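Peer 1: Sequence:
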Amino acid sequence: MSALSGKTAFITAAGQGIGQATALAFAAAGARVVATDVDAAKLDELTSELIRTAALDVLDAAAITRAAADAGPVDILFNCAGFVHQGTLQEATDAEWSFAFELNCRSMFHTMRAFLPGMLARGGGVILNMASVASSLKGVPSRFIYSATKAAVIGMTRSVATDYVTHGVRCNCLCPGTVLTPSLEERITENAQAAGSIDAARAAFVARQPMGRLGSPSEIAALAVYLAGDDAKFITGQAIVIDGGLTL
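With the working numbering applied, the sequence shown has no gaps in its numbers, which climb one by one up to 1573 at the end.
Hints in this document: simulated from the structure, not taken from any laboratory. Treat the hints with care, as some may be off.
To be verified - If you anchor each label on the Cβ, the simulated ranges turn out as follows: (1) H1492 x D1385: 24 to 30 Å; (2) E1510 x A1446: 37 to 43 Å; (3) R1533 x L1414: 16 to 22 Å; (4) A1380 x I1523: 30 to 36 Å; (5) R1391 x G1537: 42 to 48 Å; (6) T1418 x A1380: 27 to 33 Å; (7) A1386 x R1447: 20 to 26 Å.
Bear in mind that the values here come from a model prediction, so they are computed numbers and not experimental data. Glycine included, every Cβ here is placed at the ideal spot set by N, Cα and C.
Take these sequences, add in the hints, and give me the full structure.
Peer 2: Okay, here's the thing in structure tokens:
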């Protein structure tokens, strides 16, 4: 039997990168998957028979409530939606701060609030939240706003795990290092002028990884499959680091 056979998973930001890789990995592990993204066109690549796709703007609390009702019973919630702001404290704006906390934190608050009652009614479930080593775990240059939001995600994760540990609900967060995703490619392009070239900008991201390479979405997805499955049923409230040695 596959690791997630008989389970249903709901994923945000499944249109690309880690979210897309995890939707495919969950399906390959036997789960029925509801894959959502604000850009519905990006979901077209998810062609598994076990994957149902739907557009979802996680900034819309009412839309999340409707999506939870449409999804039906869900065993696994993976909150993958987020945005990486670049910049220091002095470069941060109020608008960027507000947007980051809306997308990276408040959206998770709303999804967990929408799906938790169903998990409690069925006696258990798994919540996975996307955090980062750039958080309370490690200071990373020019990640002031982003690190603040991801530290908050770790705090929310531990709080939910503590409150519902006796109700069969596990809540953990994933803390990747630098992963080669479309989002990272955009940041590489944005940094190219300052670095001198695309290659130089990419090399700068690789250089901060002690392993000398970037992570892959499939590696993060493999961790998500493990944490969502019964083999990890003794793990809750943890910030699981998968960073190629960045925090060493």
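Peer 1: State for each hint whether it applies.
Peer 2: How the hints compare with the structure:
1. H1492 x D1385: 24 to 30 Å: Hint holds: Cβ distance 28 Å, inside 24 to 30 Å.
2. E1510 x A1446: 37 to 43 Å: Roughly 41 Å apart at Cβ, these two residues keep to the hinted range, so it holds.
3. R1533 x L1414: 16 to 22 Å: 20 Å, holds
4. A1380 x I1523: 30 to 36 Å: 32 Å, holds
5. R1391 x G1537: 42 to 48 Å: Once the Cβ atoms are compared, 45 Å apart, the range 42 to 48 Å for G1537 and R1391 holds.
6. T1418 x A1380: 27 to 33 Å: 29 Å, holds
7. A1386 x R1447: 20 to 26 Å: 23 Å, holds
Checked against the numbered hints given earlier, the structure satisfies every one of them.
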